[in-house]
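Number of protein chains: 2
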Amino acid sequence: MSYQYTAEQSISGEVSSVYHSLASHRKKKSTNRLPVIVIIGAGFGGLHAARELRKANARIILIDRNNYHLFQPLLYQVATAALSPDDIAEPIRKIFKDQSNLEVVMGNVEQIDCDGRCVQMADGNTIEYDALIVAAGSRHHYFGNSEWSRHAPGLKTIPDALKIREKILRSLEKAELMESPEQRKPYLNFVVIGGGPTGVEMAGAIAEITRRTMAQDFRHIHPEHAQITLLEGMPRLLPGYPEELSEKARRQLEDMGVIVHTDLLADKVEAHGVQAKDRWFPARNIIWAAGNKGRSILQTLDAPMDSSGRIEVGPDLTVPDHPEIFVIGDAACVHKPGGGELPALAPVAIQQGRYVARMLRSGTPTEQRPAFEYKDRGMMATIGRARAVARVGRWKMGGAIAWLLWSFVHVAFLIGFRNRVSVMLKWLWSYLTFQRSARLIVGRNFAPKEESR
Amino acid sequence: MSYQYTAEQSISGEVSSVYHSLASHRKKKSTNRLPVIVIIGAGFGGLHAARELRKANARIILIDRNNYHLFQPLLYQVATAALSPDDIAEPIRKIFKDQSNLEVVMGNVEQIDCDGRCVQMADGNTIEYDALIVAAGSRHHYFGNSEWSRHAPGLKTIPDALKIREKILRSLEKAELMESPEQRKPYLNFVVIGGGPTGVEMAGAIAEITRRTMAQDFRHIHPEHAQITLLEGMPRLLPGYPEELSEKARRQLEDMGVIVHTDLLADKVEAHGVQAKDRWFPARNIIWAAGNKGRSILQTLDAPMDSSGRIEVGPDLTVPDHPEIFVIGDAACVHKPGGGELPALAPVAIQQGRYVARMLRSGTPTEQRPAFEYKDRGMMATIGRARAVARVGRWKMGGAIAWLLWSFVHVAFLIGFRNRVSVMLKWLWSYLTFQRSARLIVGRNFAPKEESR
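Chain order of the listed sequences is A and B. Mapping the first sequence onto numbering that gives the first Met the number 0, position 278 (from 1) lands on 277, and the numbers just tick up by one. Mapping the second sequence onto numbering that gives the first Met the number 0, position 155 (from 1) lands on 154, and the numbers just tick up by one.
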């Protein structure tokens, strides 16, 4: 089966709405029109697929539940009050304003109808496709304990980050008002569950907030009252990284005062603390960075899934028996030729998005498609001010050099010129002054209601 | 009665917590300690009172429900996606980090106990005072129709602004997906109720969003589909300004395509539109900018109030029979010697805050205090890009000069160096590119919930 999207079909008159009521959907099915490529999700994978399709003679419809693309690698900086949401998010419409073959739909996909070749939206409407790219990302995985999410929020979205930011800032405010050190303690204890890149970054950033920045602003609490604990179930931090870097990361965190426990799985998460084996960690601030799972929309694809709910795709990233449906990024489970799976990283999603777009544009038939190959250029994680670890090809490094490299790469990748300048300025500012600039507790949920008199 | 706060009382050991359980509150009452000045509210009035007291030999406790000071004159720019919340808000603790006689308490005041000379907090704790400055600000006044607030949100707080921003951006997203122009129309109709400075600024800013910025990003909706209506119950816009400026403001708004109705009071506000006399204005976006009232906390002062629920204070801004309780800013109703009342403007609150602080520092007895006098340096309102009106002393001006003056004054007054630079850059950027930088729909209320599988 082939999808020749460089073909010369054309449409007359104004482009019709992408939305069809079910009735009109059935009627219009047979009329002559441009092929439609629907992309679900405007994360790294979806965004780069859409960009790579800019010259395709097709109608591209990019669906996302939000109106912005999120630069997720810096989300922990919003959670720890160093950046504002605007700094790491860019309106999708703005990114694509000059790509005339693309339309943006803000909405929630409820179901994928593989046989009917359409996507059902939560508002009852339907969007038809000829080819579909599923780049829906992932959610937190509480391994069957979804009630833990209430006490230990995870970090995937801007609302997640704002919730964590508020929780941390409110805890400091509460601790400041407490009369005795015993009352204060739980508010100044922080437990981060999960020692992957997000967990390491969060633990480091919290250590910086409490130990440096907050020291100046409060009268009754002092940096040495704070205690940050990082729990990892595996024998070392950053399990996907070279061992040497795991060790470097651990040492840098401990230098900053973080207490690191490896080989220690959380057994129970409650409002007041975490139980791990026979140890109880009392804390009012618990952050979940321990696992990802596929979004529930993937279940409607009726394709094989791994234990984390990701779709097991073929070498060309398609779903079995559906050469027109591609799954990429965190939503896909791709086995490496030598064993193991591709990691859930932005570069993987980006390369997959570009690969899929090339396959669609060239119209390569399924059986002739070359298998997707990930070009691994390296990986990095930041820990704090002038502290990071990085692997570039076979080079491994830690400390200030890794941190400079990390900063450079992340700013360079931030989409949109304004964000780059603004983030650069904020970092420079906070480097020079030790100040965090986005320390507002805005809290919709806590906002004062209109008073009744 | 006199409050000599330059006295030489001293305390020994560490400063105790400002919070007292009721029991300890009664016990500690008689011990030797520094006089305590409590300030409720860190708006313009409270902030400037606190600063002016930096050399007072007293313990100053500044209470606010938020952890930030809000630069309210620019709040409409957050509501219209030109600025982010961080740009116009500054953590209170950061502002006062070097003022050692001041402590910040983040919390809600539930009641003022004038006889017991203490403030009851919502969390059950109590804060004692020797002198009290009430700078609690105001809320929207729906004139007995509080159910309108659901359809026509007002603009006082950052959550208010984010709610309005989301409503506007979501409307455009919805309109883009509608199949017919009739379905689209209500989503592209905007009604602003109230033609004071906030209403004029909102109407102008919405005109700019819809007519310029949004024109580039959407495929199916066009700027000419949008309709912005401004309703004012009085015979002219900006009723507190010179008539000449009202006329100038109206002409500038109409140039931008805003439909202005004066002498037209809203009789009914519903989800789908506004009824005013015999006219029905269908609209999905309704914004309330029509009136202010005092916060309910003021009722616990048991002092005379005007029809808007503000406290009628004496010439020295105190409450009758309580020379130790001052009310300033939007919470106070001050009659001018020549008739009329002082307007609810930032400069009034600032001057009042400084006056009260001076009275407290010098310890002037009530009967010898000079009456508060407002030095009126002028007023201004902005309308759009290079459009504004201003009065400076007796000079009146409109257009680009007024706008430059407005920009200069507002940036100069923004507290905190970082904010100033960041706001300046954003303005320059949006002036050059016609882009609004903060167009994110973040919506806590609409945030996707953790999926259950």
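No lab work stands behind these hints: they were computed from the structure. Honestly, I wouldn't trust all of these hints.
Computed cross-link-like contacts, DSBU-like style, restricted to lysine-lysine with a CA-CA straight-line distance of at most 35 Å [what the hints assert, rightly or not]: (1) A:K96 with B:K96; (2) B:K276 with A:K162; (3) A:K374 with B:K374; (4) A:K155 with B:K54; (5) A:K162 with B:K155; (6) B:K155 with A:K173; (7) B:K276 with A:K155; (8) A:K184 with B:K166; (9) B:K155 with B:K184; (10) B:K96 with A:K166; (11) B:K96 with A:K184; (12) A:K166 with B:K155.
Interface residues of chain A toward chain B, partial, derived using beta-carbon atoms under 8 Å [unchecked claim]: (13) N66; (14) L176; (15) I440.
Treat the numbers as computed from the prediction; the structure is a model and nothing was measured. Backbone N, C-alpha and C define an ideal beta-carbon position, used for all residues, glycine too.
For each hint, the structure was consulted:
no.: 1; hint: A:K96 with B:K96; verdict: 44 Å, violated
no.: 2; hint: B:K276 with A:K162; verdict: 44 Å, violated
no.: 3; hint: A:K374 with B:K374; verdict: 69 Å, violated
no.: 4; hint: A:K155 with B:K54; verdict: 47 Å, violated
no.: 5; hint: A:K162 with B:K155; verdict: 22 Å, holds
no.: 6; hint: B:K155 with A:K173; verdict: 25 Å, holds
no.: 7; hint: B:K276 with A:K155; verdict: 49 Å, violated
no.: 8; hint: A:K184 with B:K166; verdict: 41 Å, violated
no.: 9; hint: B:K155 with B:K184; verdict: 28 Å, holds
no.: 10; hint: B:K96 with A:K166; verdict: 22 Å, holds
no.: 11; hint: B:K96 with A:K184; verdict: 23 Å, holds
no.: 12; hint: A:K166 with B:K155; verdict: 24 Å, holds
no.: 13; hint: N66; verdict: 5 Å, holds
no.: 14; hint: L176; verdict: 5 Å, holds
no.: 15; hint: I440; verdict: 5 Å, holds
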